[in-house]
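Q: Quick note, the sequences are listed as chains A and B, same order. The first sequence lines up with residues 283 to 775 when you count with our numbering. The second sequence lines up with residues 283 to 775 when you count with our numbering.
Note that these hints are calculated values from the structure, not bench results. All figures in this text were calculated on a predicted structure; none of them were measured in a lab. Cβ coordinates follow ideal geometry from the N, Cα and C atoms, glycine included. One or more hints might be untrue.
Said to hold, decoys possible - Quick list of simulated restraints, FRET-style, between CB atoms:
{"#": "1", "chain 1": "A", "residue 1": "G677", "chain 2": "B", "residue 2": "E369", "range": "36 to 42 Å"}
{"#": "2", "chain 1": "B", "residue 1": "E739", "chain 2": "A", "residue 2": "I325", "range": "24 to 30 Å"}
{"#": "3", "chain 1": "B", "residue 1": "P702", "chain 2": "A", "residue 2": "E417", "range": "38 to 44 Å"}
There are 2 protein chains.
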Amino acid sequence: MRHPAFSVTIKFGVKLTNEELLREFEPIFYPKSIAVVGISQNIFKVGSLWLKALIDAGFRGSIYPIHPRGGEFLGLKVYNSFKEVPEIVDYVIVSIPREAVPELLDDCAHKVKAVHFFTAGFGEAGDATGRKLEEELISKARHGGFRIVGPNCIGVYSPEVRVPYGPSGRIGEVGSVGFISQSGGIGEKLFELGLARGIKYSKGISFGNGIDLDSPDYMEYMATDPRVSVIGAYLEGAKNGHRLFTTMKDAARLKPLVVWKAGRTDVGAAAAASHTGSLASSAAIWSAVIRQSGAIEVQDVEELTDTLLIFQQLGRLEVKGNGIAVVGGLADGGGGISVSASDACAELGLNIPPLSSETRRKLTNILGRVGSILRNPVDLSQSGSNRSMIKEATGLVFADSSIDLVIVQIDAGILLKYLPWELVESIFTVFIEMRAEQQKPIVIVSPPGAFEAQRIEMEQQLARASIPVFPTMKRAAKAIVNLSRYSRFRNRG
Amino acid sequence: MRHPAFSVTIKFGVKLTNEELLREFEPIFYPKSIAVVGISQNIFKVGSLWLKALIDAGFRGSIYPIHPRGGEFLGLKVYNSFKEVPEIVDYVIVSIPREAVPELLDDCAHKVKAVHFFTAGFGEAGDATGRKLEEELISKARHGGFRIVGPNCIGVYSPEVRVPYGPSGRIGEVGSVGFISQSGGIGEKLFELGLARGIKYSKGISFGNGIDLDSPDYMEYMATDPRVSVIGAYLEGAKNGHRLFTTMKDAARLKPLVVWKAGRTDVGAAAAASHTGSLASSAAIWSAVIRQSGAIEVQDVEELTDTLLIFQQLGRLEVKGNGIAVVGGLADGGGGISVSASDACAELGLNIPPLSSETRRKLTNILGRVGSILRNPVDLSQSGSNRSMIKEATGLVFADSSIDLVIVQIDAGILLKYLPWELVESIFTVFIEMRAEQQKPIVIVSPPGAFEAQRIEMEQQLARASIPVFPTMKRAAKAIVNLSRYSRFRNRG
Chain A
283 MRHPAFSVTI KFGVKLTNEE LLREFEPIFY PKSIAVVGIS QNIFKVGSLW
333 LKALIDAGFR GSIYPIHPRG GEFLGLKVYN SFKEVPEIVD YVIVSIPREA
383 VPELLDDCAH KVKAVHFFTA GFGEAGDATG RKLEEELISK ARHGGFRIVG
433 PNCIGVYSPE VRVPYGPSGR IGEVGSVGFI SQSGGIGEKL FELGLARGIK
483 YSKGISFGNG IDLDSPDYME YMATDPRVSV IGAYLEGAKN GHRLFTTMKD
533 AARLKPLVVW KAGRTDVGAA AAASHTGSLA SSAAIWSAVI RQSGAIEVQD
583 VEELTDTLLI FQQLGRLEVK GNGIAVVGGL ADGGGGISVS ASDACAELGL
633 NIPPLSSETR RKLTNILGRV GSILRNPVDL SQSGSNRSMI KEATGLVFAD
683 SSIDLVIVQI DAGILLKYLP WELVESIFTV FIEMRAEQQK PIVIVSPPGA
733 FEAQRIEMEQ QLARASIPVF PTMKRAAKAI VNLSRYSRFR NRG
Chain B
283 MRHPAFSVTI KFGVKLTNEE LLREFEPIFY PKSIAVVGIS QNIFKVGSLW
333 LKALIDAGFR GSIYPIHPRG GEFLGLKVYN SFKEVPEIVD YVIVSIPREA
383 VPELLDDCAH KVKAVHFFTA GFGEAGDATG RKLEEELISK ARHGGFRIVG
433 PNCIGVYSPE VRVPYGPSGR IGEVGSVGFI SQSGGIGEKL FELGLARGIK
483 YSKGISFGNG IDLDSPDYME YMATDPRVSV IGAYLEGAKN GHRLFTTMKD
533 AARLKPLVVW KAGRTDVGAA AAASHTGSLA SSAAIWSAVI RQSGAIEVQD
583 VEELTDTLLI FQQLGRLEVK GNGIAVVGGL ADGGGGISVS ASDACAELGL
633 NIPPLSSETR RKLTNILGRV GSILRNPVDL SQSGSNRSMI KEATGLVFAD
683 SSIDLVIVQI DAGILLKYLP WELVESIFTV FIEMRAEQQK PIVIVSPPGA
733 FEAQRIEMEQ QLARASIPVF PTMKRAAKAI VNLSRYSRFR NRG
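Using the sequences and the hints given, assemble the complete structure.
A: This is the structure:
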């Protein structure tokens, strides 16, 4: 894979090599020590919760609680100030009132490598004090030799070294997806949907106002970091549009970059201004810029996670052409599903070619003629939910030369209305076997319904087998379109 | 309410009054007796399952199993033929091979009122035998004095008299929603999503090939039936487009009629032809016809259920204007949600007016300035998940004169990452109280995540309090658009 040095990787006016870039971000994403400022003896204060979260998560480095009163808290020695801490601290988590920030930063000078501010009330607040404080932050960071994450953000998520996302100790599995979010709340949702849907992160960042390190910086880092295979970004605006564009362009040449630009409408842009102080320009310009850069534009948190999921699960499989087969009706009554699935796929421009007459003849031999739709979509209603019949028929669909990817609709709720869980499990595990046996990718649609506990158990088994699962046919189709567009972009080179 | 007699309510060439129409469908939707044909001693045969389902559901009338061998089955006397049955049977459920159907119908003549065929293999099979059999069915029904439901369908769902939908005994709560589905599987999904989301049906029908009673007949019936307040229809095509159009027009004047026409694309239309033998003409024509009729056009099963749900839950509340407020951030980090919520609403043309300066001043008094977005959307992050603060702030939003409907985003997954269930419950029940106290409607967005058991419990509590709940902001916004369009259509008269 080509791996160009970024044209814009500059630290205080000095261009960095890839190695220097990775080293620059090491204290932020792989800290060996973390200090927490803003703790109190009250465990319900957010600083205390943050400290507890690091302990609960099992953070792999040293933890230094900082408070003028000193003493002990949650079993750890509390330091009066950074001067007392016996080493240079990699990462500092700050949640104190904005007025107290300048004094803290004097204490941090030449003693820490990066400071993350959960604290809000800077540029986004829209008052003179906020703007003045923001300038002071930048100046003190430059002079004190440290970088700033935020302010007004949740900061880093790094499951490998067990840095949790936000003041709660839950950590997900380590994977290769990276996220960059201007909003802390959207980052929370990405983290949570990762747990729910099997998206495994290498790292994530919420950067809020981004007054020092900004979206293009994190994008460069994640594009350069070999542990990240796909990047998802939530943006509300950009301080330097040109730099963001060139960074997206460079990043998209290296790995899939999925961008959700919110604040597309006037109302959304107004909300973005009060949220992270971003100026959001017109939707059409943003769309054009994202598409021109080679990044994949998505419209909401659902499409963002759907697209990250399909890249994670299928990114290494080659989708050779654009022929899609849709298989449904594992319980009776797949006809209507076939009709509406066809619409959902065709409306997004996916190609649903008829199966060859040879394949259809073989399918008829297995399923019989009456009540079956065997053209494509393929309605397996006549299989009577028979495991081996389903496997044989789906195998024929995979083998058809005009098919490059197979979508299977498994409606757990309809199956469970008629069949016991054990039988339903024996049916959906067919596709786990086929994922391992087939060269062509498989995508599952699993619509929510009245048997959610079992459906979620099914989804998690499928996810663990590297099968991407979507709640609706339309969302599956959109994710496939995003995947195949990027394949074409990469192949054009 | 105006209640015109339908121009097209004709039985074998004779025009019916509303009362005659209701009486005509009484044996189908409110049968006093049901016969089941196609049972065997094998309980796993579909006919046997159907019989068992009627027993399990507690069907309120007499049940007559029919089989030439007679005897007893599942504790019921089995009748050799219809001649032996001591009364006229209202509704017959048939699942036998298509070849055996003509003889059965001779037996039914003048002895039954309606015959439902689960049996497939007629017009939709595309062979000469299928087409010939279909003609024979019609002719025997005319001469034998009974109506046909189907063939190739699941038939009736009537929770009031405890007729289950399909061969499984599960019955939902009785309500006022009616569904009409050309596909049995889509009907299954509507039934199941009803259980899951709190949509309560008065009745439903899957009519398959509809060779005798067809979509316009069921539509007339449900439009006339005072127990139905909103109708949802899944259609793949129509035999008589003009009659369907005039029926939709008459029905939409009486109550909301929500129509999902599938087979919109070429591939979808091809699938529809093999499914129910329907000729689906171009999407643009269908859209124009549905909209002109005053019906509400939807695109998939999600939008169909979303729209039925909002009419059921809010149909009686008047939405006076088109000003929408969005409230989010009940846990920390509502800023990004506000930005993207604004986009989702604005892109669908909903009006998100700024709150009055008076309302914003009062909100600032409660929530403080820093970190809060109080223009609209309103970000309650600064409430610290405090119940009374949330209630007071939301009350101010309701009271603002430019607001006609309030959307609240409750992200159970993010709340539960930080708070115990009891606290989360104390928060969302605020909105159950407000539903009862406020004149303006409330809509909740509850995104899925990693705490589904608790989230579903929350959704069900909200649904029981007549609050419509949607999984995404976009789907909520679309349902609101559908609701308000129909209000405008009704007000125009």
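Q: Can you tell me whether the CB distance of E739(B) to I325(A) sits inside 24 to 30 Å?
A: 28 Å, holds
Q: Does the Cβ-Cβ separation between P702(B) and E417(A) fall within 38 to 44 Å?
A: 41 Å, holds
Q: Confirm or reject the claim that G677(A) and E369(B) have a C-beta distance inside 36 to 42 Å.
A: 52 Å, violated
In summary, the structure is inconsistent with hint 1 from the numbered list given earlier, while agreeing with all the others.
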